[in-house]
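For the protein sequence lines, the chains are F and R, in the order given.
Counting from 1, position 20 in the first sequence corresponds to residue 20 in this note's numbering; the numbering is continuous, with no gaps.
Counting from 1, position 201 in the second sequence corresponds to residue 201 in this note's numbering; the numbering is continuous, with no gaps.
Please keep in mind that the hints were generated in silico from the structure rather than gathered at the bench.
The C-beta atom is built at its ideal place from N, Cα and C for all residues, glycine as well.
Take the hints with a grain of salt, since some may be wrong.
To be verified - Below, a list of computed lysine to any residue pairs in the SDA-like style, where the Cα atoms sit at most 25 Å apart:
no.	chain 1	residue 1	chain 2	residue 2
1	R	K83	R	I278
2	F	K14	R	V331
3	F	K106	R	K83
4	R	K18	R	I278
5	R	K410	F	R41
6	R	K351	F	P16
7	R	K351	F	H39
8	R	K381	F	D32
9	R	K351	F	R41
10	R	K381	F	D31
11	R	K412	F	V103
What the hints assert, rightly or not - What follows is a list of derived Cβ distance ranges for each label pair:
no.	chain 1	residue 1	chain 2	residue 2	range
12	F	E124	R	K351	24 to 34 Å
13	F	S75	R	M376	29 to 39 Å
14	F	P24	R	E316	58 to 68 Å
15	F	D90	R	R120	53 to 63 Å
What the hints assert, rightly or not - With the C-beta cut set under 8 Å, the calculated list includes, among others, these residues of chain R facing chain F:
no.	residue
16	T275
17	G371
18	C374
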Amino acid sequence: MDDLYRELIIDRYKTPLFRGELNPHDISFEDDNPLCGDHIRIDLRVDENGRITEAAFSGEGCAISQASADLLIESVIGKSLDEVKQLTKDDVLDLLGIELGPVRLKCALLSLKVLKAGVYGLGEASDDLVE
Amino acid sequence: MTQPRNLIKEFNVDEIRKDFPILTRDVYPGVPLIYLDSTASSQKPIQVIETIERFYRHSYANIHRGIYAVAEEATAYYEEARKKIAKFIGANEPNEIIFTRNTTESINLVAQTWGRMFLREGDTIILTEMEHHSNLVPWQMLAAEKGVILRFIPVDESGFLDLEQYKKLLEFKPKLVAFAQMSNVLGTINPAQEIIELAHQVGAITLIDGAQSVPHYPVNVQDLDADFLAFSGHKMCGPSGIGVLYGKRFLLEAMPPYMGGGDMIKRVTLDSFSTNEIPYKFEAGTPAIAEAVGLGAAVDYLTNIGMDAIIAHEHEVGSYALERLVEIPGVKVYGPDYDKKGAVFSFTLEKVHAHDVSQILDHYGIAVRAGHHCAMPLHEKLGIPATTRASFYLYNKKDEVDQLVEGIYKAKEIFS
């Protein structure tokens, strides 16, 4: 458990660096984790070359879901949308630096699901995006 | 009332615990299981486990049709279970007991048969704001199909139903009033008798969601004059996959069948069928035979201990739990004061999400539930994203409350 709630996760949960909304934005998407009621919205601003210049997340949920969103946002600023499309579950787990059981995995991956659904311009987020 | 009092004296939680093999296991090396999630599903005593095993080893065959000794024996066990359950809830006769998979299926059965046949566009169904999704969504589905209107008895800030509002809603002349006898989130015990009496005065049929009440309290359908009662086996020491719908005979007889198949028919031609009598009309296909027998054993188990003794014990542990929980700075427990509720405590811990609380408690072997507990509208009303829920049953001890409290302090420390 000490691993699960490592300092980085508690820190980013309590004092996130990228919490907020961007209005106007180029891309915005939000979704829930129905199992636990986590909710994440992600807003992106993208330049003419398809590169993310600004990003922010909002919502509420457990430490894992919120810290993972904050770390994910940090990692995608400056990336191209094509690079974001390539992100996987393992990238998020590397950012968090922990291993998770199947239930908490959904908390951790909600932000990636929201991000990719937004970048792909989908109407609905699907678990396939983070497999 | 001398007899229950004697039983209460004899109730020994350490002896009871010996009946539940899972309570001896470690969750992690050196960390024993502290099971505080009986509201979701209860653990099983050895009496139930052994009955099922013995049935499979010795008496198993398909029921009702076989003209050989084992099939007759299996049928007898299955029907004996039905009788035990009928007696347990005070039904007039065993034929008023329909075996289903669980509470959810029981309620869907009523919605899809009675509801479809007897409700018309513009008819009102009254529910409450504290319903589990299982007593909400089946009616929403029916409303979408038939144009039935759903109206809700509000929950007040202390977690009680607003009965004055209910009386006003009755002016809509509802056809059905369906409500949980005990809330799975707040633990509130609703005044079933009063709700039913008022409903009957305007000619409404009533359905009790007894998923949380039947495992913990003596529930007598004739005393309550309940028209339908739905409950699950797995929350009352029985196996999963078996549930019950009680219905008054005249209602069950008027209802069309639920699923078509074997056992629910009297006669079948290539073009048509005629339905079997109750309860078989509603039990198409091979049912959960061993599970029904197991549920019969669970009813025996609870009856032998005594429901009065069980409540008395839960009340003692539950009062202690509430007392300790509210002492913790940052903890808010939802629902009424203890004398008006069951031993179910949904709480929030300031600055720590329910999931994180639950994860940290798991580290100490403590099994609780986190989330919206299949009651999203209620959580919305209370204005909270998710709660952690600790619930207690006959096998829980005060020591376990102390461990829970210690675990919550650990969670506070980690997030401080």
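Taking the hints in turn, this is what the structure says about them:
no. : hint                         : result
1   : R/K83 to R/I278              : holds (14 Å)
2   : F/K14 to R/V331              : holds (18 Å)
3   : F/K106 to R/K83              : violated (44 Å)
4   : R/K18 to R/I278              : violated (39 Å)
5   : R/K410 to F/R41              : violated (30 Å)
6   : R/K351 to F/P16              : holds (14 Å)
7   : R/K351 to F/H39              : holds (16 Å)
8   : R/K381 to F/D32              : holds (18 Å)
9   : R/K351 to F/R41              : holds (20 Å)
10  : R/K381 to F/D31              : holds (20 Å)
11  : R/K412 to F/V103             : holds (22 Å)
12  : F/E124 to R/K351: 24 to 34 Å : holds (32 Å)
13  : F/S75 to R/M376: 29 to 39 Å  : holds (32 Å)
14  : F/P24 to R/E316: 58 to 68 Å  : holds (60 Å)
15  : F/D90 to R/R120: 53 to 63 Å  : holds (56 Å)
16  : T275                         : violated (38 Å)
17  : G371                         : holds (5 Å)
18  : C374                         : violated (10 Å)
Hint violations for this structure: numbers 3, 4, 5, 16 and 18, all remaining hints satisfied.
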